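Q: Letter by letter, the chains look like this.
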Amino acid sequence: MSAVAISRHWDEGGRLLAAVDHGPMPRFSRRELLAEIEASGLAGRGGAGFPTAVKLNAVARAPGRVVVANGTEGEPASAKDKVLLEANPHLVLDGAVIAAAIVGASEAVVAIGRADRRVLKRLLHAVAKRSDHIDVRIETVPDRFVTGEESALVHSLEGGPAKPTLRKPYERGILVQNVETLANVGLIARYGAGWFRERGTPEEPGTALVTVLGAVRRPGVVEVELGTPFRDVLQRVGGLTALPQALLVGGYFGTWVRANDAIDLPLANAALKPLGAALGARTIVVLPHDACGLSESARVARYLATESAGQCGPCVFGLPAMADALERTDVGRLRRLAPQVAGRGACAHPTGATRFVASAVDVFADEIERHRRGRCRGANHPPLLPVGASPDWR
Amino acid sequence: MQLRLNPILCDGYGHCAELLPELVELDEWGYPIVAREPLVRRLEPAARRAVKMCPRLALSLEKSP
Amino acid sequence: MHSLSNPAIWYLMRGSGVVTLILFTGVVVLGIATTMRFRPGRLPRFVTLGLHRSVALLAVVFLAIHVATAVVDSFAKVSLAQVLVPLPSAKYGLFLGLGALSLDLIVAIVVTSLIRHRIGQRVWKGIHWLAYASWPIAFLHAVGIGTDKASGWFLDTAVACASVIVVAVFWRLVALRRPYPKYLGASS
Chain S
1 MSAVAISRHW DEGGRLLAAV DHGPMPRFSR RELLAEIEAS GLAGRGGAGF
51 PTAVKLNAVA RAPGRVVVAN GTEGEPASAK DKVLLEANPH LVLDGAVIAA
101 AIVGASEAVV AIGRADRRVL KRLLHAVAKR SDHIDVRIET VPDRFVTGEE
151 SALVHSLEGG PAKPTLRKPY ERGILVQNVE TLANVGLIAR YGAGWFRERG
201 TPEEPGTALV TVLGAVRRPG VVEVELGTPF RDVLQRVGGL TALPQALLVG
251 GYFGTWVRAN DAIDLPLANA ALKPLGAALG ARTIVVLPHD ACGLSESARV
301 ARYLATESAG QCGPCVFGLP AMADALERTD VGRLRRLAPQ VAGRGACAHP
351 TGATRFVASA VDVFADEIER HRRGRCRGAN HPPLLPVGAS PDWR
Chain X
1 MQLRLNPILC DGYGHCAELL PELVELDEWG YPIVAREPLV RRLEPAARRA
51 VKMCPRLALS LEKSP
Chain G
1 MHSLSNPAIW YLMRGSGVVT LILFTGVVVL GIATTMRFRP GRLPRFVTLG
51 LHRSVALLAV VFLAIHVATA VVDSFAKVSL AQVLVPLPSA KYGLFLGLGA
101 LSLDLIVAIV VTSLIRHRIG QRVWKGIHWL AYASWPIAFL HAVGIGTDKA
151 SGWFLDTAVA CASVIVVAVF WRLVALRRPY PKYLGASS
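Residue numbers (this note's numbering), protein chains in the order written: chain S, 1 to 394; chain X, 1 to 65; chain G, 1 to 188.
Hints are supplied without guarantee of correctness; some may be wrong.
[As the list claims (entries may be wrong)] Calculated pairs, SDA-like style, for lysine to any residue (alpha carbon to alpha carbon, straight line, at most 25 Å):
#  : chain 1 : residue 1 : chain 2 : residue 2
1  : G       : K125      : X       : R48
2  : G       : K125      : X       : R4
3  : X       : K63       : G       : I115
4  : X       : K52       : G       : G97
5  : X       : K52       : G       : R122
6  : G       : K125      : S       : G159
7  : G       : K125      : X       : S64
8  : S       : K168      : X       : S64
9  : S       : K168      : X       : E28
10 : S       : K168      : X       : S60
Don't read these hints as lab results, they were simulated from the structure. As the structure is a prediction and not an experimental result, all values here were calculated from the model.
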């Protein structure tokens with residue numbers, strides 16, 4: 001399976017990626033910090049978009065023991081977390097330490113995938129230069145798709161396989177937060193909620209790191225204000241290299257949207273909701289007109305099937321069945337499978353996969369017809385959507 | 001009261017669907033689809049039996065949210 | 001304890017012993033059948049599990065009779081301690097100890113099964129696997145101890161039980177090699 005290399009350059013500048021020395025850590029009380037995060041309206045940047053203040057509150061009451069900075073980024077089409085950790089590790093570490101202070105944790109762990117030696121070196125180097133009042137360490141975990149799921153990550157950090165558990169970390173006083181979210185915490189603690197809300201929209205404030213791939217001139221990671229139109233986001237990565245057919249928004253648990261429908265929309269959940277889409281993992285893949293969305297989707301569906309943790313029957317059986325049906329363009333079968341698969345696992349894997357496949361069937365309906373007649377518009381196009389290798393679970 | 005399934009423990013034995021067909025259906029691979037409705041008093045004994053008989057202890061009775 | 005020298009006790013002890021062995025053979029087979037998702041004809045699958053439990057209960061009753069009569073019988077000269085603690089003895093060599101060992105294992109299995117919901121799946125399963133050890137130990141006890149070992153009817157019974165177990169265990173091991181889902185197909 002050919003992997004499309006993701007460009008590691010990024011657009012410099014912005015709040016999160018700019019290598020600015022933000023000065024000493026702020027000295028506020030837990031309550032003041034929590035109030036500031038709440039006022040900022042910060043929501044998780046890991047995929048679920050959960051309000052950060054609510055999560056901090058829940059863990060603080062557990063009471064909080066450990067903060068886990070989730071930098072695993074198991075999504076093959078996403079590179080934003082790796083880029084952030086390389087560009088600005090101290091900001092993420094600041095955020096982790098501040099979050100630990102808020103929830104009452106005595107240690108912070110930054111978790112990254114085992115494969116990325118560069119990010120690991122950068123983090124170890126950064127930690128060595130710090131002297132925080134809590135224990136901060138770096139841990140590596142297997143590079144699998146579901147490793148980024150909170151309970152799977154904690155399971156792996158505690159010595160088990162990187163597979164989800166039914167009991168969630170926040171119930172046990174473990175705060176798991178995406179590294180970008182924590183970087184924002186680090187900024188809000190210094191400059192305040194008002195400053196944070198200067199960018200973005202009132203419902204979705206702040207900036208976001210977005211990975212853009214596919215038919216664009218400079219695929220990579222950019223920092224944009226939430227609410228920026230898709231058109232402008234694509235301009236930031238050098239513009240389009242071909243006529244776009246569709247965009248995959250939100251990673252492999254996300255949805256395909258027709259290019260014409262999305263191009264003028266703002267990059268925000270509120271605008272994407274009517275299309276059945278969401279920001280999710282904050283990746284945008286631009287599918288050019290001469291590529292085949294169906295073949296790409298079938299390949300990803302097969303990848304998602306092999307990435308099942310294998311713990312829940314409907315996922316273990318349903319995902320390969322969906323991949324088979326998609327390859328055979330058996331739409332009826334897919335329609336019968338969807339309610340048997342979505343929502344029936346211990347984590348979001350089967351649900352996300354079902355959503356992805358359903359959007360492919362919807363957006364590439366004409367391509368399905370073409371395949372049934374033995375043709376494919378992307379027959380000469382190299383594979384576009386990257387899929388990872390599948391290493392060990394431990 | 002609500003019947004709750006742990007999908008990780010569940011191994012698709014299907015005893016629950018046999019004991020409580022009013023609330024549990026099996027999918028095409030033999031795994032239970034548990035209805036989310038609250039448990040009616042009439043079905044409580046059968047539900048308790050299903051919980052007790054599950055070979056994997058995958059079923060539990062919980063207070064409705 | 002005041003022992004009774006009544007030949008009826010002696011025969012009851014040996015008879016209940018044989019019945020116990022037969023019943024536990026059934027229990028093991030039904031246990032394997034449950035794991036294999038076996039359906040008895042058109043009856044639902046939970047019936048297999050129900051039978052496994054009922055036969056186990058019956059087997060425990062006969063086991064209790066067997067143990068009680070062994071202790072009470074004056075000819076057997078078995079003390080309560082010898083029944084519970086597996087040790088070699090002058091009169092019976094290893095074979096009484098094997099009986100005690102299988103009794104201990106069975107008690108552990110039965111007790112943990114009764115409190116299964118309280119101890120959780122993992123602990124319960126770990127102990128329950130001892131069943132695969134308890135049967136051969138009980139079998140060795142049955143064929144090695146006592147004076148019936150040479151008798152035709154007992155030998156036939158023992159061979160029949162052993163054959164059934166071998167077939168059932170083989171069935172189980174073969175199923176393990178099938179890909180997920182294990183065993184006899186998932187639905188219906």
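Q: Taking the hints in turn, state whether each one holds.
A: Hint by hint, here is what the structure shows:
1. K125/G - R48/X: Holds - the C-alpha atoms of R48/X and K125/G are around 21 Å apart, at most 25 Å.
2. K125/G - R4/X: holds (21 Å)
3. K63/X - I115/G: holds (22 Å)
4. K52/X - G97/G: Distance ~35 Å between K52/X and G97/G Cα, so the pair is violated.
5. K52/X - R122/G: holds (16 Å)
6. K125/G - G159/S: holds (22 Å)
7. K125/G - S64/X: Distance ~30 Å between K125/G and S64/X Cα, so the pair is violated.
8. K168/S - S64/X: holds (19 Å)
9. K168/S - E28/X: violated (29 Å)
10. K168/S - S60/X: Holds. K168/S to S60/X sits at ~18 Å (cutoff 25 Å).
Violation of the numbered hints given earlier is confined to hints 4, 7 and 9; the remaining hints are satisfied by the structure.
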